[in-house]
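Could you build all of it, start to finish, from the sequences and the hints given here?
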Amino acid sequence: MKILRTIRVALRALGRNKMRSFLTALGIIIGVGAVIATVSIGEGARRDLEKRFESMGTNLLFVRAGSRSYRGVHGGGGSFTNLTVEDAKVIEEKCDAVKYVSPSVSGRAQVVYGNKNWNTSIQGAGSAYPEIRNWAVEEGTFFDDTHVRAAAKVCVLGSEVRKNLFEFDDPIGQVIRIKKIPFKVIGVLKSMGESGGFFNRDDIIVVPYTTAQRRLLGIIYIHSIDVSAVSSDKTAEAQSQIEETLRIQHKIAPGAEDDFNVGNMADIAESAAQSRKTMTIVLGAIASVSLLVGGIGIMNIMLVSVTERIREIGIRMSVGARERDILFQFLTEAVVLSVLGGVIGIGFGVIGSRLIAKFGGWETLVSVASITLAFLFSGSVGIFFGFYPARKASKLDPIEALRYE
Amino acid sequence: MVNSNNNLIQLEKITKIYKVGDIQVNALAGVSYAIKQGDFIAIMGPSGSGKSTLMNIIGCLDRPTEGKYILDGEEVSTLDKNKLAGIRNRKIGFVFQTFNLLPRTTALENTELPLLYSNIPSKNARDLAYKALSSVGLKGRELHRTNQLSGGEQQRVAIARSLVNNPPLLLADEPTGNLDSKTGKEIIEIFKKLNEEKGITIILVTHDSGVAQAAHRRIYLRDGEIIRED
Chain L
1 MKILRTIRVA LRALGRNKMR SFLTALGIII GVGAVIATVS IGEGARRDLE KRFESMGTNL
61 LFVRAGSRSY RGVHGGGGSF TNLTVEDAKV IEEKCDAVKY VSPSVSGRAQ VVYGNKNWNT
121 SIQGAGSAYP EIRNWAVEEG TFFDDTHVRA AAKVCVLGSE VRKNLFEFDD PIGQVIRIKK
181 IPFKVIGVLK SMGESGGFFN RDDIIVVPYT TAQRRLLGII YIHSIDVSAV SSDKTAEAQS
241 QIEETLRIQH KIAPGAEDDF NVGNMADIAE SAAQSRKTMT IVLGAIASVS LLVGGIGIMN
301 IMLVSVTERI REIGIRMSVG ARERDILFQF LTEAVVLSVL GGVIGIGFGV IGSRLIAKFG
361 GWETLVSVAS ITLAFLFSGS VGIFFGFYPA RKASKLDPIE ALRYE
Chain F
406 MVNSNNNLIQ LEKITKIYKV GDIQVNALAG VSYAIKQGDF IAIMGPSGSG KSTLMNIIGC
466 LDRPTEGKYI LDGEEVSTLD KNKLAGIRNR KIGFVFQTFN LLPRTTALEN TELPLLYSNI
526 PSKNARDLAY KALSSVGLKG RELHRTNQLS GGEQQRVAIA RSLVNNPPLL LADEPTGNLD
586 SKTGKEIIEI FKKLNEEKGI TIILVTHDSG VAQAAHRRIY LRDGEIIRED
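So the sequence lines, in the order shown, correspond to chains L and F. Just so you know, we're using my numbering here: the first sequence kicks off at 1 and counts up by one. Just so you know, we're using my numbering here: the second sequence kicks off at 406 and counts up by one.
Treat the hints with care, as some may be off.
Stated by the list, open to error - Pulled from the structure, derived: some chain F residues nowhere near chain L, Cβ distances all over 10 Å:
#, residue
1, Lys-486
2, Arg-509
3, Arg-627
Unchecked claim - Rough simulated footprint, nothing fancy, chain F against chain L, three-plus residues with beta-carbon under 8 Å:
#, region
4, 92-100
5, 309-323
6, 390-402
Rather than coming from a laboratory, the hints here were simulated on the basis of the structure. Backbone N, C-alpha and C define an ideal beta-carbon position, used for all residues, glycine too.
Here's what the structure looks like:
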């Protein structure tokens with residue numbers, strides 16, 4: 001088991017100078033730790049989104065204003081005004097694969113109750129919102145079509161808002177002020193149970209869309225339409241029906257581009273996955289820079305180490321070490337150093353990602369893939385950056401090496 | 406390979422020329438000599454006489470520019486670096502003036518070193534090293550580190566290391582140069598014992614004529630040639 005022996009010899013050599021070995025490995029430790037922790041943020045976001053999509057159901061569709069290609073570049077919404085309540089009604093009437101429809105507007109507002117203040121997201125929706133979103137009311141009731149027709153000033157709180165404004169008091173029947181306008185609380189939504197993440201879904205207040213349009217946002221168009229298909233397998237059919245209906249409704253000439261965009265959960269999931277992938281790559285790349293620095297550090301120290309041990313190399317050669325024995329010895333030292341650094345770095349990365357989850361509120365996930373990758377990466381760094389010094393060592397002339405002072 | 410005339414070493418017109426910038430240095434000028442198995446030779450001569458160069462060539466650390474070197478029936482003068490390393494491992498033991506032990510390493514680990522490169526499993530290597538250290542009188546001090554050993558003890562470790570693989574040839578370059586006269590005498594006694602009891606061929610380089618007297622024969626070098634022997 002020549003390899004095991006060489007590893008043991010390498011460990012002993014590294015152990016003779018513990019402080020230096022540690023400082024050399026530090027670059028790798030930090031690099032790997034940083035990569036693991038930052039990638040775990042990306043992975044956590046992915047799992048977060050996956051969980052959300054699962055809970056939302058696969059027969060969910062969204063209609064948004066603005067064409068797909070323009071949206072793709074533009075990204076954000078809210079600047080398109082060509083979707084109306086009429087559109088929603090027409091979809092509900094004409095598309096038989098569609099079960100529920102809920103017009104949607106949204107914005108943010110300052111909310112006040114007593115001496116409590118909270119800034120939250122306001123969602124204007126139709127009465128079918130809970131069915132479409134698979135999100136039931138836990139206390140009280142959701143508003144119905146009467147409230148919508150009357151643009152009643154009623155609201156349903158998300159559990160996070162309820163917690164912040166009411167703590168343990170009963171909110172039902174109480175009046176809160178949204179943008180200084182009084183609203184009566186008629187229900188509280190079930191908690192989605194997220195510890196944080198980029199968007200806390202429980203940090204929301206739902207009001208009838210008519211109320212939101214008229215009293216809170218001052219608009220007559222709508223931002224989007226939530227739609228649920230009659231069943232999961234009818235989703236594709238529903239999507240094409242909606243597109244056809246809206247093209248007629250918006251009087252779009254055949255061949256011209258849609259001025260709206262119908263998306264299903266898969267589309268959303270995919271674009272989320274894309275941006276998650278991009279973010280992970282960017283974060284990973286930045287963190288990898290420190291791994292590179294760590295590798296350069298290893299090469300540097302190995303070069304110094306080789307110079308310091310020229311005599312030792314001469315002695316080994318005089319008793320029969322061949323070029324490849326010396327090369328292998330120093331390469332092993334570099335690899336052992338970088339792999340140990342990688343393992344410790346993985347440990348710190350896992351701890352770091354737990355800390356980020358706990359204190360930053362972001363969900364993190366350390367996957368087996370990222371650990372394996374980090375492990376392999378640190379090994380490769382050792383081989384790559386350790387090779388040059390090891391080769392230098394192996395090419396020494398034994399006589400000169402023995403004479404070296 | 407078995408050689409017909411029992412010569413462990415056959416040097417035929419060994420020449421070594423160094424180029425130092427533009428200047429050519431003739432370190433050895435056609436040295437021819439034969440050494441039988443079991444011989445104990447001392448090489449003497451002033452600085453620059455070529456003693457070290459000759460030792461390096463005999464020890465397969467260097468190759469001659471011209472000439473033939475036959476060691477134990479095998480011509481080694483044209484072997485490549487790696488094959489020479491193998492020869493050094495199996496056939497030659499070195500003892501140096503400055504001991505050349507690995508620092509901060511135990512006597513045992515130092516002694517084992519050649520065995521690391523000859524593919525002997527570690528348990529056997531350990532046993533052989535213990536035996537070698539015992540044969541030079543260091544029983545009980547195997548686990549002391551280099552910095553915990555006296556000069557004489559370090560040189561004994563070096564001798565043990567040179568013996569551990571059972572080579573037929575032992576080369577010593579000023580082995581007593583860094584030792585006081587009493588310790589030096591002890592070391593020379595060890596060499597004598599090894600030569601007489603085990604039949605190991607020993608070649609010594611020394612300035613000290615007292616040390617040289619321990620050998621069977623003495624060779625005198627000057628300007629790269631053997632000028633005399635007795």
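Outcome, coverage hint (the region 390-402 of chain L, chain F; C-beta under 8 Å; three residues): holds (count 3)
Grab the minimum beta-carbon distance between Arg-509/F and chain L and tell me whether it stays above 10 Å. Not fine: 6 Å to the nearest Cβ puts Arg-509/F too close to chain L.
10 Å Cβ clearance of Lys-486/F from chain L: 7 Å, violated
Taking a Cβ-Cβ distance under 8 Å as contact, does the region 309-323 of chain L have three or more residues in contact with chain F? holds (count 12)
A cut-off of 10 Å on Cβ-Cβ distance, and Arg-627/F was said to be off the interface with chain L. Does that hold? 22 Å, holds
8 Å C-beta criterion, at least three residues: is the region 92-100 of chain L covered by chain F: As far as the region 92-100 of chain L goes, the hint is violated, because 0 residues have Cβ atoms under 8 Å from chain F.
The structure fails hints 1, 2 and 4 (numbered hints given earlier, in ascending order).
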